[in-house]
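Take the sequence shown: its letters are residues -27 to -1, 1 to 244, numbered as in mature numbering (1 follows the signal peptide of the UniProt record, and there is no 0).
Check before you lean on any hint, since a few could be wrong.
What the hints assert, rightly or not - Under the rule of at most 30 Å between Cα atoms (straight-line distance), these lysine-lysine pairs were calculated in the DSS-like manner: (1) 51 / 222; (2) 68 / 153; (3) 231 / 175; (4) 241 / 172; (5) 152 / 86; (6) 224 / 175.
What the hints assert, rightly or not - Restraint-style ranges between C-beta atoms, simulated for each label pair: (7) 159 / 121: 54 to 60 Å; (8) 230 / 179: 20 to 26 Å; (9) 58 / 154: 16 to 22 Å.
I should point out that these hints are in silico values taken from the structure, not numbers from a laboratory.
We put the CB at the ideal spot given by N, CA and C, even for glycine.
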Amino acid sequence: MTNLKTFFLTLLSVLLLTLPLAGKAAASGTELTPSIQAAFDLTAAVADSSSRSKLNSLYSELSALSAQYNSREEQIRKLHESNAQSLLTVKEKIKSIDQATLTRLTAVVASTKARYQPLFDQYSALNKRISLLRGMRDKSLNSVLRAQSDAMRILVQMARQDIRDQEARLKAAKEARAKKIAAARKTLAGTDSPQTSIKSQKSVISSLNKRLSADWSDFKSAIRKQNPSLTSLSLNSLLSGHRQIAASKQKIIELEQKIAGVIAAASKQIT
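Turn these sequences into a full structure, and let the hints guide you.
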């Protein structure tokens, strides 16, 4: 009777292992479903006491690492999305650095030139008239016109100096803005290195995931056959891959946090 019960339990676990999993598969590819647990328990049951204890310990660690895989994946996603949004915000702020000041000073230069333009036009017309009358013998008129020109020249010089002063303020504001933008962008360039490192770590994880997929197939095959030795080997291989992935994911989290720090520093520069 006991042998018959064991046979049916074994048959049930095999059938469950071969059925497609309902719902979304775990991101790690090692979803420890009830069917996997049942098959593993049957395999552990046929192992000797020492091996059973080791198998249970390995399986518990795999369960923890598999859960950690998904939680860290979510943490990385949130950090990355937050950084991407913050980076866009900072870049927009950089574009608008002192833009209001430049707009105001540009308007001041334009209005100053417009205000003095009638004076310049009048001065130019007076000098043309003096030039045209130069050949005439009316010394009295020439003298009056030259006196007017001399008096007006002082006003023109003052006007031109006022324009130069306004243009100098505008130029200084443009240079100051350019320096602020360059400094902020230089700070943001600090994200380049961690972003490159993140790509490298993701490449490592991608390779490890392929290995995990093969190891996972080996593990399911081992528990289907109720082979404790092969189960132990596949579990050790799975754990090795998961540990390396966990380390890479932790590095990515730290790199994303570093990027967040750089973006915050750049943001502080332009506030």
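Hint check:
| no. | hint | in the structure |
| --- | --- | --- |
| 1 | 51 / 222 | holds (13 Å) |
| 2 | 68 / 153 | holds (10 Å) |
| 3 | 231 / 175 | holds (17 Å) |
| 4 | 241 / 172 | holds (27 Å) |
| 5 | 152 / 86 | holds (28 Å) |
| 6 | 224 / 175 | holds (10 Å) |
| 7 | 159 / 121: 54 to 60 Å | holds (56 Å) |
| 8 | 230 / 179: 20 to 26 Å | holds (22 Å) |
| 9 | 58 / 154: 16 to 22 Å | holds (21 Å) |
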